[in-house]
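So the sequences go chain by chain: A and B.
FYI, the numbering for the first sequence is 1 to 566, going by the numbering used here.
FYI, the numbering for the second sequence is 1001 to 1566, going by the numbering used here.
Incorrect hints may appear among the rest.
Taking lysine-lysine and the DSS-like style, the derived pairs with C-alpha atoms no more than 30 Å apart in a straight line are [as the list claims (entries may be wrong)]:
hint, chain 1, residue 1, chain 2, residue 2
1, B, K1544, A, K32
2, A, K32, B, K1510
3, A, K544, B, K1544
4, A, K510, B, K1510
None of these hints come from the bench; they were simulated from the model.
Letter by letter, the chains look like this.
2 protein chains.
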Amino acid sequence: MSTEPRKILIVGGVAAGMKTASRLRRLDSEAKITVIERGVHLSYGACALPYVLSEEIEELDEVRKTANGTVRDEAFFSMVKDVDVLTRCEALGIDREKQLLDVKFLDDERQQQLAYDALVLATGSRPLVPPFPGRDLAGVRALKGMEDAAEIAKNIKSNNHAVIVGGGLIGLEMAEALKSRGMDVTLLEMQDQVLAGILDSDLAEHVHRELRNKGIKLRLQEALQEIRGENGRVQQVTTAKGSYAADLVILALGARPNIELAQEAGLEIGPSGAIKVNKHMQTSDQNIWAAGDCVESRHLINDQPMYLPLGSTANKHGRIVADVLCGKPANFPGILGTLLVKVFGLNVGRTGLSAEKARQSGFDPVSIFAPSPDRVHSMRDARPILTRLTIDRHSRKLLGAQIVGPGEVAKRIDVIATALSFDASIDQLAKIDLGYAPPFSAAMDPLHQAANALRNKLDGLADSLSPLQLKQQLDLGKKLLLLDVRSPDEYSEVRLPGAMLLPLGQLRAKVNELPKDTLIVPFCKISLRGYEAVRILHAAGYDKVAYLEGGVLGWPWQLERGAAEV
Amino acid sequence: MSTEPRKILIVGGVAAGMKTASRLRRLDSEAKITVIERGVHLSYGACALPYVLSEEIEELDEVRKTANGTVRDEAFFSMVKDVDVLTRCEALGIDREKQLLDVKFLDDERQQQLAYDALVLATGSRPLVPPFPGRDLAGVRALKGMEDAAEIAKNIKSNNHAVIVGGGLIGLEMAEALKSRGMDVTLLEMQDQVLAGILDSDLAEHVHRELRNKGIKLRLQEALQEIRGENGRVQQVTTAKGSYAADLVILALGARPNIELAQEAGLEIGPSGAIKVNKHMQTSDQNIWAAGDCVESRHLINDQPMYLPLGSTANKHGRIVADVLCGKPANFPGILGTLLVKVFGLNVGRTGLSAEKARQSGFDPVSIFAPSPDRVHSMRDARPILTRLTIDRHSRKLLGAQIVGPGEVAKRIDVIATALSFDASIDQLAKIDLGYAPPFSAAMDPLHQAANALRNKLDGLADSLSPLQLKQQLDLGKKLLLLDVRSPDEYSEVRLPGAMLLPLGQLRAKVNELPKDTLIVPFCKISLRGYEAVRILHAAGYDKVAYLEGGVLGWPWQLERGAAEV
Chain A
1 MSTEPRKILI
11 VGGVAAGMKT
21 ASRLRRLDSE
31 AKITVIERGV
41 HLSYGACALP
51 YVLSEEIEEL
61 DEVRKTANGT
71 VRDEAFFSMV
81 KDVDVLTRCE
91 ALGIDREKQL
101 LDVKFLDDER
111 QQQLAYDALV
121 LATGSRPLVP
131 PFPGRDLAGV
141 RALKGMEDAA
151 EIAKNIKSNN
161 HAVIVGGGLI
171 GLEMAEALKS
181 RGMDVTLLEM
191 QDQVLAGILD
201 SDLAEHVHRE
211 LRNKGIKLRL
221 QEALQEIRGE
231 NGRVQQVTTA
241 KGSYAADLVI
251 LALGARPNIE
261 LAQEAGLEIG
271 PSGAIKVNKH
281 MQTSDQNIWA
291 AGDCVESRHL
301 INDQPMYLPL
311 GSTANKHGRI
321 VADVLCGKPA
331 NFPGILGTLL
341 VKVFGLNVGR
351 TGLSAEKARQ
361 SGFDPVSIFA
371 PSPDRVHSMR
381 DARPILTRLT
391 IDRHSRKLLG
401 AQIVGPGEVA
411 KRIDVIATAL
421 SFDASIDQLA
431 KIDLGYAPPF
441 SAAMDPLHQA
451 ANALRNKLDG
461 LADSLSPLQL
471 KQQLDLGKKL
481 LLLDVRSPDE
491 YSEVRLPGAM
501 LLPLGQLRAK
511 VNELPKDTLI
521 VPFCKISLRG
531 YEAVRILHAA
541 GYDKVAYLEG
551 GVLGWPWQLE
561 RGAAEV
Chain B
1001 MSTEPRKILI
1011 VGGVAAGMKT
1021 ASRLRRLDSE
1031 AKITVIERGV
1041 HLSYGACALP
1051 YVLSEEIEEL
1061 DEVRKTANGT
1071 VRDEAFFSMV
1081 KDVDVLTRCE
1091 ALGIDREKQL
1101 LDVKFLDDER
1111 QQQLAYDALV
1121 LATGSRPLVP
1131 PFPGRDLAGV
1141 RALKGMEDAA
1151 EIAKNIKSNN
1161 HAVIVGGGLI
1171 GLEMAEALKS
1181 RGMDVTLLEM
1191 QDQVLAGILD
1201 SDLAEHVHRE
1211 LRNKGIKLRL
1221 QEALQEIRGE
1231 NGRVQQVTTA
1241 KGSYAADLVI
1251 LALGARPNIE
1261 LAQEAGLEIG
1271 PSGAIKVNKH
1281 MQTSDQNIWA
1291 AGDCVESRHL
1301 INDQPMYLPL
1311 GSTANKHGRI
1321 VADVLCGKPA
1331 NFPGILGTLL
1341 VKVFGLNVGR
1351 TGLSAEKARQ
1361 SGFDPVSIFA
1371 PSPDRVHSMR
1381 DARPILTRLT
1391 IDRHSRKLLG
1401 AQIVGPGEVA
1411 KRIDVIATAL
1421 SFDASIDQLA
1431 KIDLGYAPPF
1441 SAAMDPLHQA
1451 ANALRNKLDG
1461 LADSLSPLQL
1471 KQQLDLGKKL
1481 LLLDVRSPDE
1491 YSEVRLPGAM
1501 LLPLGQLRAK
1511 VNELPKDTLI
1521 VPFCKISLRG
1531 YEAVRILHAA
1541 GYDKVAYLEG
1551 GVLGWPWQLE
1561 RGAAEV
């Protein structure tokens, strides 16, 4: 072998690329490490950009600074990391046989061939922007890089009209950011819910309510048709249902992996449309690795390929590529699709599979929907969270969770993500020694509450209906008895339309007054009493009983308020 | 068998007892369930009492109300749960052969024998109060039940003097509560640190700093000798080192299990001094079960018996006893010693074993101490947390964690508790797909940062010293070079005494100016740059190098501040 230091070329200088370079240098002080970056900014936190625009991050440059305030630019990487970075330099093509990368310097059009012993593709992703009319008008922008954030920032003006196209993570974060800056915000979503593919529709309904309560003009099932402007500036957005004044349009329709370089070089592309890699992040060429947003992931629960670009995954990738390039055993097992998003006062999280996805993947899913206060309920700061857990009926193993609420959601999502990583059963989850102190949790953690409710359902102690299941039955006009087992005070404050009041304390005495031929659906505020009622009804010989999961708190649709005849 | 419903007697009506009763009724609508309770209050949340006293919970009765405001009294349990509760009724003795419980009604001294088919001991715990002089003076109180809280509340008066004896969980919660009510608070702790047995001493030092910053008069290594008073009221507390004016004294010296009933009946008591049970919560008598604070636990990591009474454990016990009594397969695997406590602006948590305990248990522990911001560092609300992870060198399995800081601690403790429950390795922890969004976490979660730092240490990439290890070397006068690799600005703001400044960006150029025969200890704010410096020094042929874990942020002892010659 040659005595020259090996040459490692990295295409892409944001998350995965710079992480790979930095770790590589720490493991190998000799290698010649060169990073090619088409843009000018390196190693910036793209996920933080909505928070620059909301001014929760003080200034744009913060997203490319280290925690101690150093800008991560070429000089930083050269001095501190001994890594050469070529910015404004585009990779044009790969000669895999000769191990050469063709690059072009964008400022002077100069072209060059760079030799590599190992090539790492960290080419990232780009926003999906369909070719509708008006997409190039000033004031129309997708949010991807720092330049986009700077351009959007120029267009933020109190009381001006912003239209956000797409109700995914970035769309929702931008809705909050622009609203917080005083803009009038319309959010267009093609589907009948925001966070489609992330939240079940009844949980998404809680997000809709929050968006509307905070003044967002939410337009569901409205696809963007055209953006109109004058003198090159945006003025209006039209859909099949109407048109909306717009001084600023944010296109938030999702991301696509940058695979062209890989594809033209004949590297294998996975079914998700991103670059296919093995567990060691190696592409179909043994001298080429890939990491970050351009790479296809594997879902740990159903072992299926998927595309979900995230900075957290990119950082893990980078470390693994560097380790593998230095002969250390390292592999990336896959992802759980864990996502968190703050939507005004709601925290929203998902990890693992939804029941629907689980069914499509061959599982026999059973779910529960269980709200709880996030800590001891009498603490002044206690806030509810609404938890849906899904498991496989046969194995009793966890498959996924969705949690929404003003309370502490992220903790519970991370606990479930951890449990999912170790193939936990619902029975194991219920017994984990989670931390308990009144400011942080309740003696029964919300996850334990939910796990036990699900075990009760699995074990035949109490059948139950999700809010969506009950809504569907009501919409179909099914005959059933909605039995509100709360107190008269609670009932007269807020209630489900058509429900009959019978406080739990009176149920044992009056149980025989209820019909036996109708499905009885007891519920309370969060359906702990609803569950209790099912047990009492069962004991009294009623077998057509199923409580409403989540009770009044979890019901996202119409409620009646104010004085009621009790 | 008899056709009569079986009789289940439960001694103790707080957490484990009432949980057992409630679940039992839901599983068995026929059984005659009777609960004996010596006091008058049922099913109250004792852990919440400090928060009643701090007024974060509105009124005392809240701790025995359901989330919807119903008081859980005898009538509630009778009507809603069909459970008979005898309050002010003391269990005197068990005739195990005849399956009879002798009880006495405290109000009228009436005695009675109650027959049982199954007996559940949920006798709880009581505060440890050694027999020092003055313990019975008015104004001297341990905090256990609602009566104690009511009595303490009467003695809270702004500017009056409170002395808290004991720096454990309750002592610290009470220090914060009483301070928040305007009292002058002195905290006496016999040992040289608070939270002894929970936090390592260098982490406890951060808690000491917070207590002092918030105005608590912290007296370490001072044991209570005597409480003095006049006219039956407390006035003064004396230790070997001084005396302290006292209008209110809180005794917070720990809890002891109430085992007398079990012991006198000849049931087996474990080495921890609490009632011994098997995995099904059954005592050494096959007709007697035990649950909650009177029961010995088993630590899941070292499989050793321990005593750690907690409401969360009691609730799990109750469910399991009820299940077992109804023939359902159920067992309690053990605990991790997970604890959380809020100390003013610090969140503190522990789960699993400390390195010291791990060593005593036969492991070969390796620890890391790694601070991180709790979310994207540029977010306005980002706050640091200081994480210590401990693993076993041979198996690379997690053994425990301690985390302290103003940032989000509870989430990370719960993730580690979950990982510990599934025997996770540090390598697995580093790759869990934890939730990432700027308001909740960073692209590299603090746990991933810590896990990777520990993997680097294990794999020989960088040796390091904990703050305590460095302190010990400095105290011994060991010759070493403290190398501050931060910027001149950071250095002149705050620094470790005696450290030499050499910013990381200049290290590669000036590396040969450093001595090779002295241990070099690089560090920065949180020692990410410190680690980087180790790698650069290694590459330059230095082998006596170990970075300071936690850097300036993690250093709990003296720091120099203000202008310095650079």
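Here is how each hint holds up against the structure:
1. K1544/B - K32/A: Holds: K1544/B and K32/A sit about 26 Å apart, inside 30 Å.
2. K32/A - K1510/B: 21 Å, holds
3. K544/A - K1544/B: 75 Å, violated
4. K510/A - K1510/B: 87 Å, violated
Of the hints listed earlier, those the structure fails to meet are numbers 3, 4, in rising order.
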